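Q: Chain X: place on chain E using the hints.
Line order of the protein sequences matches chains E and X. Its first residue numbered 1, the first sequence is counted upward by one per residue in the numbering used here. Its first residue numbered 1, the second sequence is counted upward by one per residue in the numbering used here.
In case anyone wonders, no lab produced these hints; they're calculated from the structure. Nothing here was measured: the structure is a model prediction, and the numbers come from that model. Treat each hint with caution, since some may be false.
It does not matter which identical chain is used: a pair holds within one copy or between any two.
Stated by the list, open to error - In silico BS3-like pairs for lysine-lysine, Cα to Cα no more than 30 Å straight-line:
#, residue 1, residue 2
1, Lys-129, Lys-142
2, Lys-129, Lys-35
3, Lys-129, Lys-85
4, Lys-85, Lys-142
Protein chains: 2
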Amino acid sequence: MFRLFWADDGGLPANDRGLAYGDGLFETIRMVEQKGVLLSRHLERMVRDAGRLGIEVSRRDLANVCVQAAQRFAGRFRGEGWILKLTLTRGSGGRGYRPAPGMEPNLLVSASPLPPMPDIAGEAVDFSKVPLSVNPVLAGIKSLNRIEQVLAAAELGPSLFEVIMADHGGNLVEGTRTNLLLRQSDGWVTPPASSLAVAGVLRQWVLERLRQQGERVSERPVAVDDVLGPDCHGLFLLNSVLGFVPVRTIAGHDLPVDGGLATIFNPLETLE
Amino acid sequence: MFRLFWADDGGLPANDRGLAYGDGLFETIRMVEQKGVLLSRHLERMVRDAGRLGIEVSRRDLANVCVQAAQRFAGRFRGEGWILKLTLTRGSGGRGYRPAPGMEPNLLVSASPLPPMPDIAGEAVDFSKVPLSVNPVLAGIKSLNRIEQVLAAAELGPSLFEVIMADHGGNLVEGTRTNLLLRQSDGWVTPPASSLAVAGVLRQWVLERLRQQGERVSERPVAVDDVLGPDCHGLFLLNSVLGFVPVRTIAGHDLPVDGGLATIFNPLETLE
Chain E
1 MFRLFWADDG GLPANDRGLA YGDGLFETIR MVEQKGVLLS RHLERMVRDA GRLGIEVSRR
61 DLANVCVQAA QRFAGRFRGE GWILKLTLTR GSGGRGYRPA PGMEPNLLVS ASPLPPMPDI
121 AGEAVDFSKV PLSVNPVLAG IKSLNRIEQV LAAAELGPSL FEVIMADHGG NLVEGTRTNL
181 LLRQSDGWVT PPASSLAVAG VLRQWVLERL RQQGERVSER PVAVDDVLGP DCHGLFLLNS
241 VLGFVPVRTI AGHDLPVDGG LATIFNPLET LE
Chain X
1 MFRLFWADDG GLPANDRGLA YGDGLFETIR MVEQKGVLLS RHLERMVRDA GRLGIEVSRR
61 DLANVCVQAA QRFAGRFRGE GWILKLTLTR GSGGRGYRPA PGMEPNLLVS ASPLPPMPDI
121 AGEAVDFSKV PLSVNPVLAG IKSLNRIEQV LAAAELGPSL FEVIMADHGG NLVEGTRTNL
181 LLRQSDGWVT PPASSLAVAG VLRQWVLERL RQQGERVSER PVAVDDVLGP DCHGLFLLNS
241 VLGFVPVRTI AGHDLPVDGG LATIFNPLET LE
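Looking at chain E on its own, in the form it has when it is part of the complex:
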């Protein structure tokens, strides 16, 4: 189990390891009234990736908290929905970096308004100056170690929706808060999960849906030339809150905008 904290009742204990070392992980779930987009996948990812960090939590306990959170918060928001955030940390204390055996995790639950939704006609993005370092033992985990994304997000501005971060070899990996999906003439391409800082739940869902429909999907490194070259038939940013965001320009280069993805798939179908 875990100790449960509601953000509107106060914060976590001062010696929480999430604060001390970023020793934990989080999920940000788009809610419509009392139901969540891709809710099962969010909970499954948190349970699985907590396990990779050695933090034990059960899906059932998390699901129960989501029900309580929906009852507590849904009435405070109107219209398009709201955001439910779950922050799970290893717990309080321990000697320095070393976790004490059998620590009880802390779970902080908070709610916030939906952010502004992207322009379905396409958004402008740029390449980030901040490189992305992905440690294989942490690849894909939406952990609380996110300074690289914070520094890259400081490059955003009113006319810049996202910046794309590259690894030390120069391959494009992901945006600060989005995964990449590229349309080429022979199918769809996305960087492999093992290379990602955060493996998004919308990414996994749409790859499965595309394959179910017989589309060809490759998980392989994406070079700058793949995006700027003539075989790029559309670049999408994927985020479970924001949906499918077509990229209209990247670093000032126009890209073909293909609304197809958003017209084929609607993540709001997955409300549960």
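A: Same frame as chain E, but now just chain X:
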């Protein structure tokens, strides 16, 4: 300036970015009554590295807090001393990863007992199974993004004092909480600051002292063979709280133990 929080009065706000993203940094200072070991260097590092993250703080404001903290906490500890911890975060809120302009940082101040001191006859260490990823924009910064160190520290046990982490090229970089200093026949060797996750204040102090004494010091990559080979005349772990820790065995291999460093230099001289 910053908002000041005392850990013994409660934690940080629930929307603090240190918790959300590890968006901040910390210092851990060995105190003897009301004075600190290498205190100036700790404060200078925090100011400089906060600046690298875009968090503004003044040395004078931090120094004032240390005086208040010493008065508040010193009477609660006896004997060898105590630990003063400063945790500085970018502040509360912002939209997602993107910091709001002009955010006021939060500073959390806490005190704890001194940990057990190492055996000056030498300690046993091992190689960590967790690789270390150092992003050049974060190199050396004692940030709150420390999951790699947490996972490596989980490998420690009652008979294992430290594990040494290597980069993806296999070079030895540092321990979970210590920097490395190797004695070879032609002088001292330590991995370069640009390769480090955390550039320790004791490391910098001892490199300067060695050079002042005319000793030869090289900052260059350290391979496993440098440590296990015949030209290793001693390996030291450096930590401003623990001092100079001679390594007696590494992964079961005996190393020559040279107490020289601890007999030449005494960080307690630097109390201020």
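Q: From the Cα coordinates, with 30 Å as the cut-off, is the pair Lys-85 and Lys-142 best called within, between, both, or neither?
A: both (12 Å within a copy, 27 Å between copies)
Q: Between copies, within a copy, both or neither: which fits Lys-129 and Lys-142 at Cα up to 30 Å?
A: both (21 Å within a copy, 21 Å between copies)
Q: Is it within a copy, between copies, both, or neither that the alpha carbon of Lys-129 lies no farther than 30 Å from that of Lys-35?
A: neither (38 Å within a copy, 41 Å between copies)
Q: Given identical chains, is Lys-129 near Lys-85, meaning Cα to Cα at most 30 Å, within a copy, between copies, both, or neither?
A: Only inside one copy: Lys-129 and Lys-85 sit 28 Å apart there, 32 Å across copies, limit 30 Å.
When the structure is compared with the earlier hints, a violation turns up for hint 2 alone.
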